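**Student:** Here is what each chain is made of, one letter per residue.
Number of protein chains: 4
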Amino acid sequence: MSGSTFGKIFKITTWGESHGAGIGVVIDGCPAGLLLDESDIQKFLDRRKPGSSQYATQRKEADCVEILSGVFEGRTTGTPISMIVHNTSHRTSDYREIASYYRPGHADFTFDQKYGFRDYRGGGRSSGRETIGRVAAGAVASKLLSELGITVTAYTQAIGDITISMDNFDIEEARTNQTGMPDKEASKRAEAYLKECMEKLDSAGGVVTCQVNNMPAGIGEPVFDKLDANLAKAIMSIGAVKAFEIGDGTKAASAYGSSNNDSFRQTGETVSKATNHAGGILGGISDGSEIILRAYFKPTPSIFQKQETVNKNGENISIQIKGRHDPVIVPRAVVVVEAMTAITILDMLLQNMTSRIDKIKMFYNEKNI
Amino acid sequence: MSGSTFGKIFKITTWGESHGAGIGVVIDGCPAGLLLDESDIQKFLDRRKPGSSQYATQRKEADCVEILSGVFEGRTTGTPISMIVHNTSHRTSDYREIASYYRPGHADFTFDQKYGFRDYRGGGRSSGRETIGRVAAGAVASKLLSELGITVTAYTQAIGDITISMDNFDIEEARTNQTGMPDKEASKRAEAYLKECMEKLDSAGGVVTCQVNNMPAGIGEPVFDKLDANLAKAIMSIGAVKAFEIGDGTKAASAYGSSNNDSFRQTGETVSKATNHAGGILGGISDGSEIILRAYFKPTPSIFQKQETVNKNGENISIQIKGRHDPVIVPRAVVVVEAMTAITILDMLLQNMTSRIDKIKMFYNEKNI
Amino acid sequence: MSGSTFGKIFKITTWGESHGAGIGVVIDGCPAGLLLDESDIQKFLDRRKPGSSQYATQRKEADCVEILSGVFEGRTTGTPISMIVHNTSHRTSDYREIASYYRPGHADFTFDQKYGFRDYRGGGRSSGRETIGRVAAGAVASKLLSELGITVTAYTQAIGDITISMDNFDIEEARTNQTGMPDKEASKRAEAYLKECMEKLDSAGGVVTCQVNNMPAGIGEPVFDKLDANLAKAIMSIGAVKAFEIGDGTKAASAYGSSNNDSFRQTGETVSKATNHAGGILGGISDGSEIILRAYFKPTPSIFQKQETVNKNGENISIQIKGRHDPVIVPRAVVVVEAMTAITILDMLLQNMTSRIDKIKMFYNEKNI
Amino acid sequence: MSGSTFGKIFKITTWGESHGAGIGVVIDGCPAGLLLDESDIQKFLDRRKPGSSQYATQRKEADCVEILSGVFEGRTTGTPISMIVHNTSHRTSDYREIASYYRPGHADFTFDQKYGFRDYRGGGRSSGRETIGRVAAGAVASKLLSELGITVTAYTQAIGDITISMDNFDIEEARTNQTGMPDKEASKRAEAYLKECMEKLDSAGGVVTCQVNNMPAGIGEPVFDKLDANLAKAIMSIGAVKAFEIGDGTKAASAYGSSNNDSFRQTGETVSKATNHAGGILGGISDGSEIILRAYFKPTPSIFQKQETVNKNGENISIQIKGRHDPVIVPRAVVVVEAMTAITILDMLLQNMTSRIDKIKMFYNEKNI
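Residue numbers (our numbering), protein chains in the order written: chain A, 1 to 369; chain B, 1 to 369; chain C, 1 to 369; chain D, 1 to 369.
Quick caveat, the hints were computed from the structure, so don't treat them as lab data. One or more hints might be untrue.
Okay, derived cross-link-like pairs now, SDA-like style, lysine to any residue, Cα gap no bigger than 25 Å in a straight line [claimed, not checked]:
#, chain 1, residue 1, chain 2, residue 2
1, B, K361, D, P216
2, B, K361, C, D112
3, A, K251, B, I292
4, A, K312, B, D358
5, D, K361, B, N365
6, D, K359, B, N365
7, B, K200, A, N276
8, A, K251, B, H325
9, D, K306, C, S263
10, D, K312, C, S263
11, A, K312, B, E269
12, B, K359, D, G74
13, C, K361, A, E147
14, A, K359, C, N365
15, D, K361, B, E147
16, A, K312, D, Y364
17, D, K312, C, P216
18, A, K143, C, K359
19, C, K361, B, D112
20, B, K322, A, T275
Partial list, computed: chain D residues near chain C (C-beta under 8 Å) [said to hold, decoys possible]:
#, residue
21, K114
22, Y115
23, S126
24, A158
25, G160
26, A204
27, P222
28, M236
29, S254
30, N261
31, D262
32, L282
33, G283
34, K298
35, N316
Quick caveat, the model's predicted, so the values are computed rather than measured. Don't be surprised by glycine CBs; every beta carbon is placed ideally from N, CA and C.
In isolation and in its complexed conformation, chain A is listed as follows:
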């Protein structure tokens, strides 16, 4: 069944395989009037581009985006925005070998089980390149959110067992170093850890944190389309993510109610919370505090050590994967988490617009809207 569409109002549909003609996305439901050109998208894509770091695959991928529809005279028209990134690195030959067996930790086996066969070139549809469509759509969502004053910011919180300290927090650092960590000191230690991984022909996982600032209260739709439920789906749909949490997350399970509850505080006209264990969401609806979520990524499954697996002839074999693979995908995944968060937040903001009859009447009856 169709599973390549996400969102209800700001709805995205991605398509494309690692070694097909290209990767793309169609955004349906983007409001009209947003200033948009390819540079808005490109700067997001550049953040996930391989080859920029020694801890990322050394494949050369230009990943230049082209907007094919939905923009006229520099503004979105309200009609579908179709975007494409042509694939340029098509060395199918590299992948002939992996056609015959199932790589551990990859989707080779499960795609074969589901569809009867698979596009084995570079993982086909299950390749990390699929996230190009998400990031392109996320760039549009982020730009639209910024028009509403809302910002979405993701960064690497941990690689392996190296975790940042919030005392050193510096988001500029995260945007320039090779780990995506907003902590110069931790980033250096993470680099050492990754070098060690590479020497051992091994790979590492990590954690990406994402925060949403200036989020209005009241966003999220009870009871199944809670804001945190939709964010969970958005983030868990990213390949390699094995856990999701909001606010204090797993730690909340061993806390006491007295320490986990956030008190409300009135200051002038504004209600705020004294603490934010909840991560900005209560009952599935944003409470006006900063939203904080975390995505836990497993280590890259493509490692160069010898591994045991089976081939399509039903034989138990030993394999040794070749090629160019990221020893850790976390730094490149930061922008993917940011993109999926932005898409979800925007969609839920739009969904909220019909929650109250008084606002609908104002929308349709008043001169000033």
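Keeping the supplied structure of chain A fixed, place chains B, C and D upon it in accordance with the hints.
**Tutor:** Below, chains B, C and D without anything else, positioned relative to chain A:
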């Protein structure tokens, strides 16, 4: 916008508030021919019923289900199955006070922000009673899954910082004790922990684990409707869940690829995995191994200690919540996690039926199907 | 697969069979703050109630609605509105006979083909009673539309070959006579026609017209969710409707462009159309003119003449249907057409609220909304 | 809101404007294993191509399709199939004038009302070129249906007041002449009619009939996703369609029940109907007879006569449209009706696969499927 519907093929819509006329669910898309009567539903509802444990609210709620449509001569007809549980405990007076302020950790503030006002009686739509509809639908999904040989089993893994040992695992124990823990010894320690919580007028959280056995490979729809992504949404949509994980979950982030990858093994005609760090899902598609997921619940926000908050007049006030509240919701939430898992698994099994042209041809052309 | 849900934002799910416990609907996505009580619903249901006319079935059905959720202190809360009409006329014995064969023009055969068996009592889910849920939801939609100044009005345009004259148009007449025709003279002729039908043990069809007044321009979502496309689906989903048209409809196919085009005219600040062949919709989007649509109903398939059919033993047999059946359903269907139109119009009005970034910014940033 | 997606399982999303970079479609949910290459698509696109008839626009449009994803080694993979037709005729200058006013019968005014501005080049998104995406997707659906033995065939039934005679029916004729009429004699009269239209600087409408042969019984989902309801939406979403009917359609409204009912007949193991007034659908579910539907198209709104309208300065003006426009779109619309019918029929066939528990059990438990 509408947010009370879950699923694409086996689609459920819940309705009802804590102190309205009742709580219900409509299942649309249940296949025809399933033997079903109210006792199938009731035994699931009885597992979430309050009053059966000293660590659950002492409110008396009979929670008797009535099937209103979709079943004829003992079998489902393929048309919508509507089920209702009438509310019997309507003491609105208990809740007059909480109408005037925002309880910390509850959805009072966010519902007011979203809708302009709220049904304040017992939490209204954000009450835990809303899960009655989920559990009723989950009972139907579970029965249908059992026809396919698939079983879904949830249990309490931790309460506060007390965690079960898999060495003591005994699911019968979990179904009879007051914690839902499949470990008699851990359960006793958890009871002591909960008594302490109650004495301190405090509350506890915990972890529910759910496993799916005999799951066929190939289930899950790339790339957004991955099996784990949809399970994440299903589970995170349960009130009080703050984190979700699959397989090794958060631990995978600090593992190495070499230890996290599961080798494939061929035995006769069968491909299996030597380990199951993945929790039964690769690339968003089931791999034939047991599916394992975990839900992390925050402590019950209703505690009897004094708390700081604001009222509707914009004043900072101190409150002390009265009434009958669970010191921990985890034991009663076990069946809710099981229900949401069953609903999701069934929906994805049905979604998978159109994945291959050869099977569709066999379905429509062959005499034997 | 699930097919009992209609709408994207104002989303309705109906359930229930002719002779089950009751018929109901859940409205999910109704904005908060609408004044609503059961009398708002009942007056719509009373318009479809049988027994009020000699040309409708003489079955007694009280059809009293109960609101089960989603309304608190007289206003909608934004949460699902569940409504039920209990069935009171359960004489299953009347229907034992029809269990064994397939009535011509009915869904007996097709339900058996689809589901393997059927609830044969009174047509089960395919009974006209299913429209109770639609009418109840339509009452809510109509009330909300009236808050925006929009009115939806349906009436009988033709019964058999008797058609109203617009010169005699009197909507009050339509609401009080037995045909639903807004033309006293035509109504009398239609009554004579129906008497003749009944004497011949035969039945009649007819046409219902529906108009929407004060409709804002700009409503409808290109390219598949065009306003006319969604109206077509809404109306064609009513049992017995065999054709749908908008504006000049079928007549447009034999017209010339020069006569079919509607000129635009500017009067002060207002753009209007000199004529309205289009029926208020251009390119799938409302143009600010009155919306006009028509539904063509086939004759009631339950006739008392002898008919040829097959039974479940695979024998060709003659049957003679007994019981109480409408010789024409058109008068009672008027309110059903009105309801489905109102539901669709409202849903599309809500869908339109996110079409422009400037309006979204005003919605979220301005103090006055 | 998003409105460019159609279908639930075989789900298509179209994008593109008349004078943008191209027109495309993403098919999500196409089963794996279908043999498919560009020639399968191209032969459908060639049927809607302009320039092949003197009654169609003389614009040169190559309309060559490229498959960008979802096909590997000649077969569909189950992942999204993205297709693009690049636009080659970009003479924006032709359209500068129409930017300033609203053409009667077109969507210029309504797009401006909805979105605040519009891509005015050649109608932008509301151009007939949008149907390229539908036809490309329809080609895939038709090929898949033919694997199941089901054929979908559309033809011109009428142009203006010239209607075919079924006595002359010859579908080969329809595929080679300039009107799409399967009646050589009627086609000649229609040509004469069209010449007259062109001489008068006027345009014509017409009727397209579509039939589905070898349709299995049991397809269609009560109560809102009835087969006829979904077909109605599919067809009415095509630009310029003003009416839709199934079977006897509008004529059924003035028939008697005794003449409109179709008797069932048993012949050996087979149940069939003696007549087919119903057009192959009873209670929204296919009955095994041929499905027959009709689409009524209004005359092309672009005529070369002088017309009255308003411009963006709010002035009443006279205009005379220039350029290349079809005097009738019906012959080119035949394949569009066929495509939308095929897409809908296929989607409903896939939706039906989960209707019965016995078939689901066979699907998952049996070796042979």
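**Student:** Take a quick look at whether K143 of chain A and K359 of chain C sit within 25 Å of each other, Cα to Cα.
**Tutor:** Status holds; Cα separation ~16 Å.
**Student:** For the pair supplied as a hint, K251 of chain A and H325 of chain B, confirm whether the alpha-carbon distance does not exceed 25 Å.
**Tutor:** Cα-Cα ~22 Å, so holds.
**Student:** Do the alpha carbons of K359 of chain A and N365 of chain C lie within 25 Å of each other, as the hint requires?
**Tutor:** Holds, at about 13 Å.
**Student:** Would the hint linking K322 of chain B and T275 of chain A be met if the CA-CA limit is 25 Å?
**Tutor:** Given that 25 Å is the threshold and the Cα spacing comes to 23 Å, the pair holds.
**Student:** Please verify that hint: G283 of chain D, Cβ, nearest Cβ of chain C, below 8 Å or not.
**Tutor:** This hint holds: G283 of chain D lies near chain C, its Cβ roughly 2 Å from the closest one there, short of 8 Å.
**Student:** Does N261 of chain D pass the interface check with chain C, least Cβ-Cβ distance below 8 Å?
**Tutor:** 4 Å, holds
**Student:** Is the hinted pair K306 of chain D and S263 of chain C satisfied, with a Cα-Cα distance of at most 25 Å?
**Tutor:** Distance ~11 Å between K306 of chain D and S263 of chain C Cα, so the pair holds.
**Student:** Does E147 of chain A lie within 25 Å of K361 of chain C when you go C-alpha to C-alpha?
**Tutor:** Roughly 7 Å between the alpha carbons, so the hint for K361 of chain C and E147 of chain A holds.
**Student:** Is it true that the CA of K361 of chain B sits at most 25 Å from the CA of D112 of chain C?
**Tutor:** Between K361 of chain B and D112 of chain C the Cα gap is close to 22 Å, so the pair holds against 25 Å.
**Student:** Identify whether the interface hint at Y115 of chain D stands, where standing means a beta carbon of chain C within less than 8 Å of its own.
**Tutor:** 6 Å, holds
**Student:** Is the shortest C-beta separation between A158 of chain D and chain C less than 8 Å?
**Tutor:** 6 Å, holds
**Student:** Would the pair K200 of chain B and N276 of chain A pass a check requiring their Cα atoms to be no farther apart than 25 Å?
**Tutor:** 23 Å, holds
Taken one by one, the earlier hints all hold for this structure without exception.
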